[in-house]
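Please model the complete structure; the sequences and the hints are all you need to start from.
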Amino acid sequence: MSGIEEMERIDVDRVRSYPPRTSEFTQPFWEALAAGRLQTTRCAACGALSFPPKPVCPHCWHGEVRWTPLQPLGRLYSWTRVHAGPEMFAAELPYEVGIVDLDAGLRLALRLVAVPGREFAPDMPVRLVVLRFRDGPLLAAMLR
Amino acid sequence: MSGIEEMERIDVDRVRSYPPRTSEFTQPFWEALAAGRLQTTRCAACGALSFPPKPVCPHCWHGEVRWTPLQPLGRLYSWTRVHAGPEMFAAELPYEVGIVDLDAGLRLALRLVAVPGREFAPDMPVRLVVLRFRDGPLLAAMLR
Amino acid sequence: MRRAAILGTAAVPVRKYQRKASEPIQTVEHEMIARLVVEAMQDAQVEKSEVNAIVCAHPRPYTKQKYFSTFMAHYLRLPCSGVVMETMGNGMTAALAFDKACDEILLGRAEVALAFGVNMEMSVTSAEHMKDSVRATGDVDFHSPSGLIPISWYAMDAVRYMHEYGATRAQLASVAVKNRAHAALNPLAQYRAPITLDEVLAQRPIVEPLGLYEVPPRGDGAACLVIVSEARAKASGLPYVLVRGRGFFHEGAHQISEVPNDMIRFVAAETAGRLAYEAAGIGPGDLDLAELYAPCTIVEVLAGEALGLAPRGQGAAAAAAGETRLGGRIPISTSGGLTSRGHPSYATPLYGMVELAEQLRGRAGARQVEDAELGLSSNELGNYNAALVHVLEARR
Amino acid sequence: MRRAAILGTAAVPVRKYQRKASEPIQTVEHEMIARLVVEAMQDAQVEKSEVNAIVCAHPRPYTKQKYFSTFMAHYLRLPCSGVVMETMGNGMTAALAFDKACDEILLGRAEVALAFGVNMEMSVTSAEHMKDSVRATGDVDFHSPSGLIPISWYAMDAVRYMHEYGATRAQLASVAVKNRAHAALNPLAQYRAPITLDEVLAQRPIVEPLGLYEVPPRGDGAACLVIVSEARAKASGLPYVLVRGRGFFHEGAHQISEVPNDMIRFVAAETAGRLAYEAAGIGPGDLDLAELYAPCTIVEVLAGEALGLAPRGQGAAAAAAGETRLGGRIPISTSGGLTSRGHPSYATPLYGMVELAEQLRGRAGARQVEDAELGLSSNELGNYNAALVHVLEARR
Ligand SMILES: [Zn+2]
Ligand SMILES: [Zn+2]
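Protein chains in written order, with my numbering: chain Y, 1308 to 1451; chain E, 1308 to 1451; chain C, -2 to 393; chain X, -2 to 393.
Don't read these hints as lab results, they were simulated from the structure. The model shown is predicted, which means the values in this text are computed figures rather than measured ones. Be aware that one or more of the hints could be misleading.
To be verified - As a list, the in silico DSS-like pairs of lysine-lysine whose alpha-carbon atoms are at most 25 Å apart:
| hint | chain 1 | residue 1 | chain 2 | residue 2 |
| --- | --- | --- | --- | --- |
| 1 | C | K128 | X | K128 |
| 2 | C | K61 | X | K45 |
| 3 | C | K45 | C | K63 |
| 4 | C | K128 | X | K61 |
| 5 | X | K17 | X | K61 |
| 6 | C | K63 | X | K45 |
| 7 | C | K63 | X | K128 |
| 8 | C | K17 | X | K128 |
| 9 | C | K128 | X | K63 |
| 10 | C | K63 | C | K128 |
| 11 | X | K63 | C | K61 |
| 12 | X | K45 | C | K128 |
| 13 | X | K231 | C | K63 |
| 14 | C | K61 | X | K61 |
Here is the structure:
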C-alpha cells in the first residue's frame, strides 16, 4: 500500500445525474472511493488487473480475484466536451469526459474536471480525484 | 349493404383502459364503428376478407383492398374470465374476453359483455356490439 | 455435415434476485452471467481461447446494462470471429439463442459458442409488468384494448379442449401436481413443496378455468450453455449431448388465426416436431423424456399431443394416468416445468436445455430418467404459433 | 456450397414519420412494413408461397407492437419453416437481420427469406432518447454516470486521430460535404441540400471537435430486402446481388478496452474485412464502392483505413482530396451516408444494403458508380468494437 497517493476529494453540491448501482461485489470499490482510495481487482491466478473491478478475471476467466490499491496517476489518452447530453445531464452541459491510461496499465473513461486557463490535450498527465456528490462519490480526472 | 345489421351501441361511462391508435388507413374502420357499423377490408385481387383491416391482403399480398361491411353475427369459439390483469385494466377486473367466429368466416378476439344469468360457453351464438366509451368505441360481443 | 453438441451447462436456481431500485445493494446481471460462464466452462473443460461466439437472449427492459451481448464480450474480454448478438422472439427468445449458437457451429464459424440468457423482472409488480406484456397479446390496436393477457389465450385453449374432448378440470390440474413432484427433486426449481390435486383445484382463478397453480409463476433466472462441434465434444472425452435433429415452424399467425382454424391443434409443434424427428431419424416413441415450454397445464397437454407424445384429445387423461410422470411411459418436464421449476421467461428455454443435458449425461440425481438416451426440447411463442424443436441424444 | 443473394429491395425515404401519442392519427409500423414487403417482392418477382423465413431488426422500444417479427408473420399470414426472429446488437442490429436471413439460405432452411427493419423514434426528443442510449455507453455503473454519450467515443477518436496524424478539422469535415453531395442525388436521403466546408465548420459543437453536421441526424425509416439462394436468383433472369464474402469480428471490448490499445485502429473492421476479402477472393483494391456505417465523419475515415480503402493516417486527407467522392478512386457512402442519407439506427444497415443493391444493379441514376461490380458493406457496434462486413457482387 505504501507509495499509493490518496485522491483529492472535491465536494459537489448536487446529486449524481446518473447514479451508479452498488452490487455486493462492487461495494468495496465504492466504499474505498468515498474514502479517497482507488482500488480494483487483481486475478488470483494470472495476476492481471481489471477495471472496472470484476468478480471474474477477463483475461483468464479465473473466478477468484483480490482487491488491490491503484496509484491514481496517468495520462489523458483522449477527451471531448459534450454539448448535447441526455436529459439527466442537462444541468451540467457542457462538460468534459476523457479516456485516461493509468500508470498501472489500465484504461479508464471518466468525467474530467477543468482547471481554469488550461485546455485538455492528449498525452497530458492527469491525476484522479473523487467528486463527492450529495448522494455518493464519482471518479474523475484533472490535469496535473 | 342490404341485410347488414347495425350494432347495438352501449354507453360506458369511462375512458378505454388501453386506447387503440388510429392510422390513416384504419380511420374508416373506427369512424364506421363509432356509427355502429362493422366493416373491414376485402382484397381487390383474391376477394378474401381480412380482420383486423389491412392495407395488404394477407392471403395473396396484393396491395389494393376495399372496405366491405360485415354482418356482426357469429359464434363463440372460446372464452375466459380474466381475474389478474394489467394495471390499466385493474378497475375492470374480473372481465370476460372471447374468440368469435363471424358467419362471414373471420375469427376475432374481443371483450365479452355478460348477460345476467347466462354463462358463456363455446359454440353459443353471439352478436357484436359497440361499447361507446367516453373517448371512443370498442368492439365487443354478447350472447344472442 | 457438422453437428452441434452441448458440452457444459450452468444455471442459478430460479427465484427472486432482482431488487427494487431503492435498495442500497443491487443484483447486477453481468456479474451473474460471468460467474455462470466460468462454471459452464469448467463443466465443459474448455479453454477460454477456444470460445469464438456469443449468442445471448435479449434481456428484459428492466436490465439496465444495454446491448448485453456486446457488453458481455467486453466484460469477459472475449474476441470472437463467430457472431456476438442477441435474439428476440417472445417466449422463444432463449431457444433462439441456443439455436443461433448451434448455427455458428454448423456454419463452421466457431468450434465453441456460448449461449446464455438472464431474465430479471422481480423488482416489477405483475400489474406493472403486464402493462408491457399486454402489447404482445395480438394486434396492439385491435386485440390489446380488449384486455387480453398472454395467458388468456391458453385459458381459451383449455375451455375449448374441455368442450371438444370432455377433458376434466382435474385431468388438467394433474399436470401441475406432477410437475411439482418433479420440481421437488430439482435443486434449480423455484417451487418444491409437494402439492395435491385438491390444492391445485382450490386455487383462486387467474384466467378461468385456470387457477394460480396452473399458470406460470414469475421469477428471475440465468443460464449458460457451452455449445461445441461434435468433433470437439468427442475429443473432450466427456459425456455430451448431441443435437441430433431440429425443426422450426411458424404457422403464420400470432395468438389467433383470422381464418377460423382448430386452435387447439398446435400445428407449429406438429410440423416442427415432424421436421426434428425426420432430421433425427426417430419417432416420438423413441424418446425417453421431453422438456416442453408450457406456461400453463393445458399447454403441456396440447404440445404433447402435437408432438406425438399422446393421441389427440387424450393428453390430459394420459397425464392424469401418470404416463408423463417420472417412471411413466414418457416423462415430461422432469425439471418441474414452467409451473414449478419456474419461468424466468427470457431464460426459460435454456433451463429446459440444462435439464435435458443433466438427464442425458446421467447427472439428474433423484429425478434421473433411467438410461435416458433421447430427449426432446420444444419451445414456443404466442399461442404455440411457432415452435422450435430439438431432439437431443446422450453420448458417453 | 450455397450462397445468398439480394433479389429485391424497398425502403421509405428517411424522415420523421412517428407522431406524438397525442396526435389523432398515428403512424403504424406494421402497415409500413407490409407495404414495403409487397414492393420488395414485386421488385424480386417472387411469389409469396416461396418465402420461408423472416428476420427482423428488433424495433425501438417506442414501437408499440411487441414481438414484431412474429406479429409480421401473422399480419402477412406467412407460414415459415425457416426462422422467424428478431436480432439485436446495437448499431449492428439490422445488419444482423440481413446476416441471419442469409444464414437461413446457407443452411438450406429457406430459398427466399425476408430481412426487414423499422426504426421509429422521432416522437421522442433527443434528450429523452439519450436517457436510454446513455445505458449503452459502456459499463452502466462505471461509465454511464460520467455523462458519456454514444458519439462521445467517436469524438475522442477524432481528437486522438488529429493528435497522432496531424489530420485537420477541415479534412474531417470534408467527409460531411462529400456525403451531402451524394445525398443530393439520392431520393431516399433525409438531407439533400448541398453544404459547403465552411458551413460544416461553422456548426455548433455537439461533441468537440465534431459539430452538428458531423454527427448523425435522427430519423425514422424502414427497409425490406428479399434474400434468395444463388440458384433462385439465377433462375429469376433478373439482375441480382451475390453475397460473395462475409466476415465478422468482435474485438472483445465494448466502447473501451481496459487494456490500453491503439483505439483509432479499428481492429474489428480490419479483421472482419480481411475475412470477407479472403472469402470473396478479392482485395480492397478490387472494390468499386463501399457503404460504411459511419455515424460521424471520423468514423468513415477510420473504418475506411481499417478496411484498406486508404493507408493508415491518410484517410482524412484522402477524403479531402476527393478520393472517396463519386467519380473518385473509391466512392464511399454514395447514399449520402449516415450524416446525410440519415440514420434511423435499427434500420440503417439495411439502407446501406439497399444502396449497394441499387448501385450493383445499375439503378442508382445520377449517383451511379459506372460499371459497379464489387461493393462492400461494413456495419459496426460500439466504438467499431465489432464489425460485420459483406462483399457484394453484381450479377446481370
Ligand atoms: Zn486471470
Ligand atoms: Zn388477396
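Here is how each hint holds up against the structure:
1. With a C-alpha separation of about 21 Å, the suggested pairing of C:K128 with X:K128 holds against the 25 Å cut-off.
2. The suggested pairing of C:K61 with X:K45 is violated, with an alpha-carbon distance near 40 Å, which exceeds 25 Å.
3. Between C:K45 and C:K63, the direct Cα distance comes to roughly 24 Å. Compliance with the 25 Å bound is thereby established for this hinted pair.
4. At most 25 Å may separate the alpha-carbon atoms for a hinted pair to count; C:K128 and X:K61 meet this at roughly 11 Å.
5. Proposed proximity of X:K17 and X:K61 is supported: the alpha carbons are some 13 Å apart, at most 25 Å.
6. This hinted pair does not check out: C:K63 and X:K45 have alpha carbons roughly 36 Å apart, beyond 25 Å.
7. Between C:K63 and X:K128 the CA atoms are separated by roughly 12 Å; this keeps the pair inside 25 Å, and the hint holds.
8. Distance restraint check for C:K17 and X:K128: the Cα-Cα separation of roughly 20 Å lies within the 25 Å cut-off, and the hinted pair is therefore satisfied.
9. Taking the CA atoms of C:K128 and X:K63, the gap is about 12 Å. The hint holds against a cut of 25 Å.
10. About 21 Å separates the Cα atoms of C:K63 and C:K128, which keeps this hinted pair within 25 Å; it holds.
11. This hinted pair checks out: X:K63 and C:K61 have alpha carbons roughly 19 Å apart, not beyond 25 Å.
12. Proximity of X:K45 to C:K128 is assessed by CA-CA distance (about 35 Å); at most 25 Å being required, the pair is judged violated.
13. Of the supplied pair hints, the one linking X:K231 and C:K63 is violated, its CA atoms being roughly 42 Å apart against a limit of 25 Å.
14. Proposed proximity of C:K61 and X:K61 is supported: the alpha carbons are some 20 Å apart, at most 25 Å.
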